[in-house]
Amino acid sequence: MAGRILIVDDAPIIRLMLKDILVANGYEVVGEGSDGNEGVQKYKELKPDVVTMDITMPEKDGIQALEEILAMDEDAKVIVITAIDQREALMEAIRVGAADYIIKPFETDRVLSAIRKVFGEG
Amino acid sequence: MIAQLSVDRASQVLSKLIRSGARITLERAYMTDISEATAKINAQENQAEVIGSMVDMMGDAPFKFLFYADAPSCLILTDLILQREVGLTKEFNIYVRSTIQEIGNIMASAVCNVFASDFEIAMKPTPPKVVHDFLGTVFQEFVMGTAAERDEVMIIESRFYIVRYDVKCTIYILPFPGSDKTINYICNTRLKGE
Chain A
0 MAGRILIVDD APIIRLMLKD ILVANGYEVV GEGSDGNEGV QKYKELKPDV
50 VTMDITMPEK DGIQALEEIL AMDEDAKVIV ITAIDQREAL MEAIRVGAAD
100 YIIKPFETDR VLSAIRKVFG EG
Chain B
0 MIAQLSVDRA SQVLSKLIRS GARITLERAY MTDISEATAK INAQENQAEV
50 IGSMVDMMGD APFKFLFYAD APSCLILTDL ILQREVGLTK EFNIYVRSTI
100 QEIGNIMASA VCNVFASDFE IAMKPTPPKV VHDFLGTVFQ EFVMGTAAER
150 DEVMIIESRF YIVRYDVKCT IYILPFPGSD KTINYICNTR LKGE
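The listed protein sequences correspond, in order, to chains A and B. So that you can map any letter, position 92 of the first sequence is 91 in numbering that gives the first Met the number 0, and since no number is skipped, the others follow by simple counting. So that you can map any letter, position 57 of the second sequence is 56 in numbering that gives the first Met the number 0, and since no number is skipped, the others follow by simple counting.
With the rest of the complex left out, here is chain B (with noise of 0.2 Å):
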């Protein structure tokens, strides 16, 4: 259920950013080993170079959120947020790097917002990295810090198609040791409450 909040507030989020309507074309939450997830990105997709915004949630059960799209996504995701033609923006510049990292910082606080209204989980966002790399990269290094301390992981992970312009983007969130407990254990108390 947090999953599926969250996902749909940050879709929202996003169609508004861009003015345009951004589909869900997926959205799951599991439990995998980190390792072999690694792996089988590095395995299918290591050919797509990929620019991702990866932001850090501190508070009452911390996880680590990322945005991603291909690099011909975020020029045209950087049109949209400018209202400007798609097409203009034709090479990576600090509009890109900078479009990338505002829709990772709102899509972010829009999750942060559910946990906090919906769940009574505090947490704040911390300034954005930007990362531009090959997926496998960003992804190994998004999953760095978590993976050390145990294999097996939950991942929220929800892909986005915005129809018009052919544009797919992917966010997963992935909770810090021990916040997937905290927020189980929230959830439970709170639902049982009502």
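So that you can see chain A by itself, here it is in the shape it has in the complex (with noise of 0.2 Å):
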């Protein structure tokens, strides 16, 4: 059975990057979420294998969204993606629990290479 994942990313260009490398790799994108409210009621809907989680978005940013999904399910598996200078959102989205992190402008290898180490497959 195919991964499935979950995308939430206030860009729309990324959700759609991140979905046509994902579902060329054999993944199923389940649904997509536009800030981290939506993220946390998706998660709660549709119950993914994966999120893949934008730090910095409007409303809830990525790092809450992080929390309450795990605050839900602590098994919960968040990728979170970040422009490149902000190691500090990084280091605390490490810090309160996220699985791997991908930096952006992202390279089609370096996405897959988390969501397989994540789906323990790498």
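Keep in mind that a hint or two might mislead.
35 Å max Cα-Cα, derived DSBU-like pairs, lysine-lysine [claimed, not checked]:
| no. | chain 1 | residue 1 | chain 2 | residue 2 |
| --- | --- | --- | --- | --- |
| 1 | B | K89 | A | K59 |
| 2 | A | K41 | A | K59 |
| 3 | B | K63 | B | K180 |
| 4 | A | K46 | A | K18 |
| 5 | B | K167 | B | K15 |
| 6 | B | K63 | A | K59 |
| 7 | A | K59 | B | K15 |
| 8 | A | K46 | B | K128 |
| 9 | B | K89 | A | K18 |
| 10 | B | K15 | A | K116 |
| 11 | A | K46 | B | K123 |
| 12 | B | K123 | A | K116 |
| 13 | A | K43 | A | K18 |
| 14 | B | K15 | B | K89 |
| 15 | B | K128 | A | K41 |
| 16 | B | K123 | A | K59 |
| 17 | B | K167 | B | K89 |
| 18 | B | K89 | A | K41 |
| 19 | A | K59 | B | K39 |
| 20 | B | K123 | A | K43 |
| 21 | A | K18 | B | K123 |
| 22 | B | K128 | A | K18 |
| 23 | B | K167 | A | K18 |
| 24 | B | K39 | B | K180 |
| 25 | B | K180 | A | K46 |
| 26 | A | K18 | B | K39 |
| 27 | A | K18 | B | K63 |
| 28 | B | K128 | A | K43 |
| 29 | A | K41 | B | K167 |
| 30 | B | K128 | B | K167 |
| 31 | B | K123 | A | K41 |
Don't read these hints as lab results, they were simulated from the structure.
Both chains come to you apart, so use the hints to assemble them.
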């Protein structure tokens, strides 16, 4: 069975890029969210295997959403995505419990290696 | 030096993002009268419709960042980012808007990273604002808030050319009042300390 992935990012272009990469490599994108609130809500509804979560988003940021998802499900696997400069936010996400991270601009190989690592495939 | 490092890094990030070489065709930092600069842009290029991404970088030495390209170039940039055949995106849509927003966000973040790692100037970008208008109007909005407090400002301007697709794009970096002095002070102190 293909891994079921939820993509949470406020940028439609990043959601589309990630979806193209994941679907082309046999994963199922079960849902998308455009802010942290939607991410948490969709996690409850869809119970994905993995979440890709942008850190900087309006309404509720990725770190707050990560905390809420882990409070609901301590086994949740969340890969955080951030732009190049946000080292402090990245360290905070890892401290909170992110499974891995991807830095923008990203390469297809880096996305797949993070996903495979979290699925225990790599 | 700070301008050169920032622009070099922004160029590398742009090339990586669109998976195509972006050549720097202009790179300069200069003091200018903001009213004159705006009038010059209005006079020369006011027919060009552009899509831009504005980011406020807040922190030790706040500045404003603007990335823009003309509308047809933005359609090409969208195809390049999505690794699709160039020409597939034919009209302005949410993906074009989002492409320009993300390019602005990632390039501004790269500049912040140079400030932080090379000069120990801590800064954080605010969410980018996308603007779609004539260049003169976009530039006027960009300088608003800095021009009100002084006439003469320091501007870092850089142009990029993506040769393979004949795409031209531009960035402007404009320190908020006082930031240019802070940057100079920090850089001088740091350089003298080395």
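List in ascending order the numbers of the hints, as given earlier, that are violated by the structure. 19, 25, 26 and 29
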